[in-house]
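> Combine both chains into one complex, guided by the hints.
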Amino acid sequence: MKQVEVNITVPNQTKYLCMIGKIGESLAYTLNNYHGDREELAYHLNLVLTEALSNAICHANACDPTKEVRVSISASDKDLKICVFDQGKGFDIQPLAKMKVHETAEGGRGVQIIFKLMDRVEYLRKDSGNVLEMTKRLH
Amino acid sequence: MQLNITEQDDIVRIEVQEERMDAHNSGDLKEQMLQLFDEGKYNLIIDLSAVRFVDSSGLGALVSGFKNASAREGSLKLCCLQPQVRSMFELTRLHRVFEIFATVEEAVDSF
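Here the protein sequences come in this chain order: A and B.
Residue numbers are given in my numbering: position 6 of the first sequence equals residue 6, and the series is strictly consecutive.
Residue numbers are given in my numbering: position 96 of the second sequence equals residue 96, and the series is strictly consecutive.
With the rest of the complex left out, here is chain B (with noise of 0.2 Å):
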């Protein structure tokens, strides 16, 4: 999976540059969330602009990345989701779980 990570203060972005996340490529964004938290990263944005598809593993995925940073009093926020992205976690009801923003910008000011 093609992911492009940038920091910002103590905030982490990390662009997923794929069309789709699904049980083929997601666990690389869990191994890759993992690593940051193994150095005390804990303040995540996903920024999602780019995928146009995700199943229950991109999902899973990403719920496991939400649980870890929470563990360790960070957090992780999704932003720039693509309408039919959005009707996933409508679906499945993770939009109440998510902080999800519009923007990169919005996102970042909620820290």
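If we strip away everything but chain A, and leave its shape as in the complex, we get (with noise of 0.2 Å):
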């Protein structure tokens, strides 16, 4: 059963990721029947929202300030569902996923870290965008 779902568009900037990832933040406090550390699925989801915007904003959409990301959040019972939707060209995101990043790389961590927190991620075209499509089991 569906608990909640958030529709949202942004400009193509990253003053929006803090209240992005608030909303995530927030929506961790308010599901209903999850019995794990609501503390840690807070920063999580707050995280997750934040690496895949500015990977949008600032990759995807290369900062054009003319192009806007589109944010879908959805959780049921069983699981959370996060879109972000691109206007870019688009890229294989599985090598990035794969990486061996050196310890004292300054980049390359965003995408890894989500991939560790969320437990499937995907990267699809999307009519004339692309779309990162993170799930997390709640259960």
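Treat the hints as calculated values from the structure; they're not laboratory data.
Incorrect hints may appear among the rest.
Keeping only pairs whose Cα atoms sit at most 30 Å apart, straight-line, the calculated DSS-like set for lysine-lysine is [unchecked claim]:
#1 22/A / 116/A
#2 67/B / 67/A
#3 116/A / 67/B
#4 15/A / 30/B
What the simulated footprint calls covered on chain B by chain A, stretch by stretch (three residues with Cβ under 8 Å from a Cβ of chain A suffice, anywhere in the stretch; the number is not a length) [said to hold, decoys possible]:
#5 19-27
#6 35-48
#7 89-99
Which chain A residues face chain B? A few, computed with CB under 7 Å, are given here [to be verified]:
#8 54
#9 107
#10 109
#11 131
#12 133
It should be emphasised that the depicted structure is a prediction, and the values quoted were computed from it without experimental measurement.
Glycine included, each C-beta is placed from N, C-alpha and C at the ideal position.
Structure follows, in structure tokens:
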């Protein structure tokens, strides 16, 4: 059964990272029938949304201020699904997920964090852009 | 990004006065550190006591400072991490790279 669904579109600017991250954080405290550590889930949802959105804004949409990013979050009793839609050309996400990041590399950790914290991650072509679909089991 | 910078002997303490370090603001910290390196100040303590959230960009800015300080035979140390921030260093294994102290005093004494 669906508990909650949130759809939001923001301009392609990093100042919106905080707002979207906090929506995820708040959601963790309102889910019904979740028996895990809510404080940890809140941080993880904030983090996954921040990483996915900054990838969409800075990489997929190449910091183009005329573009937008759409975020959809839906939670059921079983799982939580986050979709981040960009308007870029797309790329192959799997090599980034598997790439060995040197311990003193400055970048390359964002996608790997998403893969660590979510149970299923796919990056697909959708309409004239792409969607990063991330699912987390709640039980 | 709001940063409070104080100096004692040859050690510079940068207190990050923000709740979040993310892709929106962490470039400011990176630039501030580069400016300090240009001034010949290579021993830094980053005080993260006010920071409740850090993402991969925030970590990247700290790694940049760490590498630049080390390359100049200085060091960058961290202190006062909140538990969730500390967990980010463990998730990314960066706790094995940085020297992390519970208090500013401990960080100062380690130089």
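> Are the hints correct? Go through all of them and say.
Hints and how they fare:
| no. | hint | in the structure |
| --- | --- | --- |
| 1 | 22/A / 116/A | holds (20 Å) |
| 2 | 67/B / 67/A | violated (35 Å) |
| 3 | 116/A / 67/B | holds (26 Å) |
| 4 | 15/A / 30/B | holds (18 Å) |
| 5 | 19-27 | holds (count 4) |
| 6 | 35-48 | violated (count 0) |
| 7 | 89-99 | holds (count 6) |
| 8 | 54 | holds (4 Å) |
| 9 | 107 | holds (5 Å) |
| 10 | 109 | holds (4 Å) |
| 11 | 131 | violated (20 Å) |
| 12 | 133 | violated (20 Å) |
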